[in-house]
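Novice: Residues per chain are reported as follows:
Number of protein chains: 4
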Amino acid sequence: MFKVHAEVKLSHTDAAGLLFFAEHFKFAHSAYETFMKSIDCSLGRIIRDSDFLLPIVHAEADYKGGLCLGDEFDIFLKSEVGDSSFVLSYSFKDSDGNVSAEIKTVHVSVNKETKKKIPLSEKLRKGLLTIA
Amino acid sequence: MFKVHAEVKLSHTDAAGLLFFAEHFKFAHSAYETFMKSIDCSLGRIIRDSDFLLPIVHAEADYKGGLCLGDEFDIFLKSEVGDSSFVLSYSFKDSDGNVSAEIKTVHVSVNKETKKKIPLSEKLRKGLLTIA
Amino acid sequence: MFKVHAEVKLSHTDAAGLLFFAEHFKFAHSAYETFMKSIDCSLGRIIRDSDFLLPIVHAEADYKGGLCLGDEFDIFLKSEVGDSSFVLSYSFKDSDGNVSAEIKTVHVSVNKETKKKIPLSEKLRKGLLTIA
Amino acid sequence: MFKVHAEVKLSHTDAAGLLFFAEHFKFAHSAYETFMKSIDCSLGRIIRDSDFLLPIVHAEADYKGGLCLGDEFDIFLKSEVGDSSFVLSYSFKDSDGNVSAEIKTVHVSVNKETKKKIPLSEKLRKGLLTIA
Numbered sequence: 002m003f004k005v006h007a008e009v010k011l012s013h014t015d016a017a018g019l020l021f022f023a024e025h026f027k028f029a030h031s032a033y034e035t036f037m038k039s040i041d042c043s044l045g046r047i048i049r050d051s052d053f054l055l056p057i058v059h060a061e062a063d064y065k066g067g068l069c070l071g072d073e074f075d076i077f078l079k080s081e082v083g084d085s086s087f088v089l090s091y092s093f094k095d096s097d098g099n100v101s102a103e104i105k106t107v108h109v110s111v112n113k114e115t116k117k118k119i120p121l122s123e124k125l126r127k128g129l130l131t132i133a
Numbered sequence: 002m003f004k005v006h007a008e009v010k011l012s013h014t015d016a017a018g019l020l021f022f023a024e025h026f027k028f029a030h031s032a033y034e035t036f037m038k039s040i041d042c043s044l045g046r047i048i049r050d051s052d053f054l055l056p057i058v059h060a061e062a063d064y065k066g067g068l069c070l071g072d073e074f075d076i077f078l079k080s081e082v083g084d085s086s087f088v089l090s091y092s093f094k095d096s097d098g099n100v101s102a103e104i105k106t107v108h109v110s111v112n113k114e115t116k117k118k119i120p121l122s123e124k125l126r127k128g129l130l131t132i133a
Numbered sequence: 002m003f004k005v006h007a008e009v010k011l012s013h014t015d016a017a018g019l020l021f022f023a024e025h026f027k028f029a030h031s032a033y034e035t036f037m038k039s040i041d042c043s044l045g046r047i048i049r050d051s052d053f054l055l056p057i058v059h060a061e062a063d064y065k066g067g068l069c070l071g072d073e074f075d076i077f078l079k080s081e082v083g084d085s086s087f088v089l090s091y092s093f094k095d096s097d098g099n100v101s102a103e104i105k106t107v108h109v110s111v112n113k114e115t116k117k118k119i120p121l122s123e124k125l126r127k128g129l130l131t132i133a
Numbered sequence: 002m003f004k005v006h007a008e009v010k011l012s013h014t015d016a017a018g019l020l021f022f023a024e025h026f027k028f029a030h031s032a033y034e035t036f037m038k039s040i041d042c043s044l045g046r047i048i049r050d051s052d053f054l055l056p057i058v059h060a061e062a063d064y065k066g067g068l069c070l071g072d073e074f075d076i077f078l079k080s081e082v083g084d085s086s087f088v089l090s091y092s093f094k095d096s097d098g099n100v101s102a103e104i105k106t107v108h109v110s111v112n113k114e115t116k117k118k119i120p121l122s123e124k125l126r127k128g129l130l131t132i133a
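In order, the protein sequence lines correspond to chains G, A, S and E. Heads up, the first sequence is in this note's numbering, so the first residue is 2 and it goes up one at a time. Heads up, the second sequence is in this note's numbering, so the first residue is 2 and it goes up one at a time. Heads up, the third sequence is in this note's numbering, so the first residue is 2 and it goes up one at a time. Heads up, the fourth sequence is in this note's numbering, so the first residue is 2 and it goes up one at a time.
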């Protein structure tokens, strides 16, 4: 489990007064990036220097309660690790511990040139397993 | 079927050079808003003046191919209509007719005060059925 | 003068019910991209294939009235053209013809490798002069 | 002076590989919101409960250097306080201490109903003066 703290800012809200549904995916991805940096697999380095990319092939969200401007929340991150892919689950919990959203993203490891599936790098695989 | 034309602008792209995954949901929602206006159920009016709201309780996306800066595409919108909820499916097709993403959003009709499920308004129901 | 039509969608609004101030810059940039495509200088091609870039070195906005969810507006685009830079002015007018915002962006032509100022390409210069 | 630490995430970048110019304004506003919370004048409370609003009437940015995916930076916030308005200046400094952007936002205190200028609330005025 990996935890990221976050807060709803004005730019994330909409005219209905709530965190806009698509912004949840941005928060999830930001938590993913923070996690990747923590296991020394930063996305910046992967995009610039590696021979693979990790495109998202599927994303989904279940919304269970609205977050409002100024609300603080935690994102809890867990992984399921495959050979050439992994799934990340993100649980958004408000300050009372209630789940406001559950998000999933599915990532595939592909060769940067051929775009063909390739096995996860060993370092990434080990890092992901720490939150399995 | 309802069709909206769109284009990938710089603000939608990321450092990997592609339409950022979460931006697909914004495009889908924008197409939904255009559709709702076309059936005289604009979201602005619903949020300001109606006694119901239509929160999204689930959203998902399958990504099949990347869209790049400047790419034009069409979003094809279809509905499945329930008693107090509806599902919208959005198919993103690039200018060669290839599907680059499939998105779904599930909306529930709730009373603005009580937040309890209520039947879809008759006007909305009829409008949604035109793209079922 | 170049004109782009636009509409305030839910993702552009904030909890105060208005078009979020930073979103104006995205709309302005989107209008700039549409204009650039119209003069056959699309940003996608510049970023991928040219030997220059056109970074924004200054941007500013004066806000004169709020735009709400669902409001349609026009963006009127004008240029001032220098040797190695240009200024774009964007006037946002609501459907009553009232100016809701005035935006400016200043762009400099730089060599992609050295990042040094270089003269505007002749094609770009001619295109920009059509809206001077 | 008030300092906020931030990091460039993938959603903030564009196909040119840099922090998109309009995203600087979102980071600035987010820093403003963090500051307002620190002086017990959170925007959420102002928008929901107060009799005034603080619309931005002017915003500007000078860009001096690009921030890339994964770059960490600090935003330094300073105020100039008037009777019914205030100016916030935000200096973005990268991890080497180089200024990458300078931003300004001008806020006016207006009555929520009449939209007429009114003096800054005493609490807000005092809080703003702590970073003058």
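These are computed hints drawn from the structure, not numbers from a lab. Each hint should be verified, as a subset may be incorrect.
Identical chains blur together in the list; that is why a pair holds if it fits in one copy or across any two.
Result set (PhoX-like, lysine-lysine): computed pairs, CA atoms no more than 25 angstroms apart in a straight line [to be verified]: (1) K124 with K94; (2) K94 with K105; (3) K79 with K118; (4) K116 with K65; (5) K4 with K113; (6) K113 with K65; (7) K118 with K4; (8) K65 with K127; (9) K4 with K116; (10) K117 with K94; (11) K4 with K117; (12) K4 with K127; (13) K94 with K113.
The model shown is predicted, which means the values in this text are computed figures rather than measured ones.
Novice: For K79 vs K118, is the C-alpha pair at or below 25 angstroms within one copy, between two copies, both, or neither?
Specialist: So K79 and K118 pass the 25 angstroms test inside one copy only (22 angstroms; across, 32 angstroms).
Novice: Should K124 paired with K94 be assigned to within, between, both, or neither, using CA atoms and 25 angstroms as the limit?
Specialist: neither (29 angstroms within a copy, 32 angstroms between copies)
Novice: Regarding K4 and K117, is the shortest C-alpha distance of 25 angstroms or less found within a copy, between copies, in both, or in neither?
Specialist: neither (32 angstroms within a copy, 32 angstroms between copies)
Novice: Is it within a copy, between copies, both, or neither that the alpha carbon of K4 lies no farther than 25 angstroms from that of K113?
Specialist: For K4 and K113, the Cα distance exceeds 25 angstroms both inside one copy (30 angstroms) and across copies (33 angstroms).
Novice: Treating 25 angstroms as the Cα threshold, decide for K4 and K116: within, between, both or neither.
Specialist: Result: close neither inside a copy nor across copies, 31 angstroms intra and 30 angstroms inter.
Novice: Treating 25 angstroms as the Cα threshold, decide for K94 and K113: within, between, both or neither.
Specialist: Cα proximity of K94 and K113: across copies only (24 angstroms, versus 36 angstroms in one copy).
Novice: Please work out whether the CA atoms of K94 and K105 approach to 25 angstroms or closer within one copy, between two copies, in both situations, or in neither?
Specialist: Cα proximity of K94 and K105: in one copy and across copies (15 angstroms, 24 angstroms).
Novice: Can you tell me if K116 and K65 fall within 25 angstroms by alpha carbon in one copy, between copies, both or neither?
Specialist: between (36 angstroms within a copy, 12 angstroms between copies)
Novice: Regarding K113 and K65, is the shortest C-alpha distance of 25 angstroms or less found within a copy, between copies, in both, or in neither?
Specialist: between (37 angstroms within a copy, 16 angstroms between copies)
Novice: How would you label the pair K117, K94 (within, between, both, or neither) given a Cα cut-off of 25 angstroms?
Specialist: between (36 angstroms within a copy, 22 angstroms between copies)
Novice: Within a copy, between copies, both or neither: which one fits K118 and K4 at a CA-CA cutoff of 25 angstroms?
Specialist: Neither: 29 angstroms inside a chain and 33 angstroms across chains, both beyond 25 angstroms.
Novice: Under a CA distance limit of 25 angstroms, which applies to K65 and K127: within one copy, between copies, both, or neither?
Specialist: neither (32 angstroms within a copy, 28 angstroms between copies)
Going through the hint list in order, the structure does not satisfy hints 1, 5, 7, 8, 9 and 11.
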